[in-house]
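Position in the sequence shown counted from 1, then plus 124, gives you this note's numbering.
These aren't lab readings, by the way, just hints derived from the structure by calculation. Mixed in with the good hints there might be a few duds.
[What the hints assert, rightly or not] Restraint-style ranges between C-beta atoms, simulated for each label pair:
1) F290 to T130: 44 to 52 Å
2) P211 to L276: 20 to 28 Å
3) G149 to V199: 15 to 23 Å
4) F290 to Y177: 50 to 58 Å
Note that beta-carbon positions come from the ideal geometry of N, C-alpha and C, so glycine has one too.
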Amino acid sequence: MLLLNTMLETFFILYDYERGDLIYGMFLFEGKDFYPYLSLEPPADLRMPDKSYSVFIQIILFVLYNPWFWFKQFVGKLLLFFLHVRPFWSWMHNVHSILLLLPSYYLALRFLKSGRMDRSALLFSVVFIGIHALTVGIMTEDWDGRFLSPILPLIFGLAGMGLSQFPFFPSPGTQSIS
Numbered sequence: 125m126l127l128l129n130t131m132l133e134t135f136f137i138l139y140d141y142e143r144g145d146l147i148y149g150m151f152l153f154e155g156k157d158f159y160p161y162l163s164l165e166p167p168a169d170l171r172m173p174d175k176s177y178s179v180f181i182q183i184i185l186f187v188l189y190n191p192w193f194w195f196k197q198f199v200g201k202l203l204l205f206f207l208h209v210r211p212f213w214s215w216m217h218n219v220h221s222i223l224l225l226l227p228s229y230y231l232a233l234r235f236l237k238s239g240r241m242d243r244s245a246l247l248f249s250v251v252f253i254g255i256h257a258l259t260v261g262i263m264t265e266d267w268d269g270r271f272l273s274p275i276l277p278l279i280f281g282l283a284g285m286g287l288s289q290f291p292f293f294p295s296p297g298t299q300s301i302s
């Protein structure tokens with residue numbers, strides 16, 4: 125718990141929660157035209173926990189005091205994380221992200237649900253992706269999307285396996301070489 129609290133203190137999570145920032149450090153860009161897309165307006169009755177508690181307890185209390193606001197922040201961070209779009213990036217970059225990632229997620233989920241995966245590999249995949257998603261949802265998404273990078277190779281591998289299930293791909297060993 126001591127190590128966890130020491131780590132959490134370095135991120136200033138409660139400041140991001142209080143401001144409604146979905147991406148770390150967006151408060152520096154308040155007034156820019158993209159700022160409203162990367163933060164939520166805190167409710168007037170926002171209740172902040174006492175700073176005398178450890179950061180971990182403060183986070184839990186914040187969630188308990190402000191469940192709906194925290195939930196909206198959590199979902200917003202996950203959307204930014206998985207869609208990998210930003211209003212300050214070019215429209216072409218954002219379109220390419222969506223065109224590449226959404227089909228990849230679909231194909232990866234299709235394969236995960238197919239039952240053709242070893243249970244330990246399935247568990248590893250779900251936990252690995254889940255821990256990254258929960259970390260971003262609870263903490264904060266980064267402006268450049270670097271937290272998505274560690275899971276993309278796994279997503280693309282699973283998507284490739286999902287793509288191989290479509291009938292227009294021959295099963296291994298059924299194609300003869302002439």
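Here's how the hints hold up against the structure:
1. F290 to T130: 44 to 52 Å: holds (49 Å)
2. P211 to L276: 20 to 28 Å: holds (22 Å)
3. G149 to V199: 15 to 23 Å: Since the Cβ atoms of G149 and V199 sit about 20 Å apart, the hinted range of 15 to 23 Å holds.
4. F290 to Y177: 50 to 58 Å: Between F290 and Y177, where Cβ atoms are some 53 Å apart, the hint holds.
Going down the numbered hints, you'll see the structure goes against none, and every one checks out.
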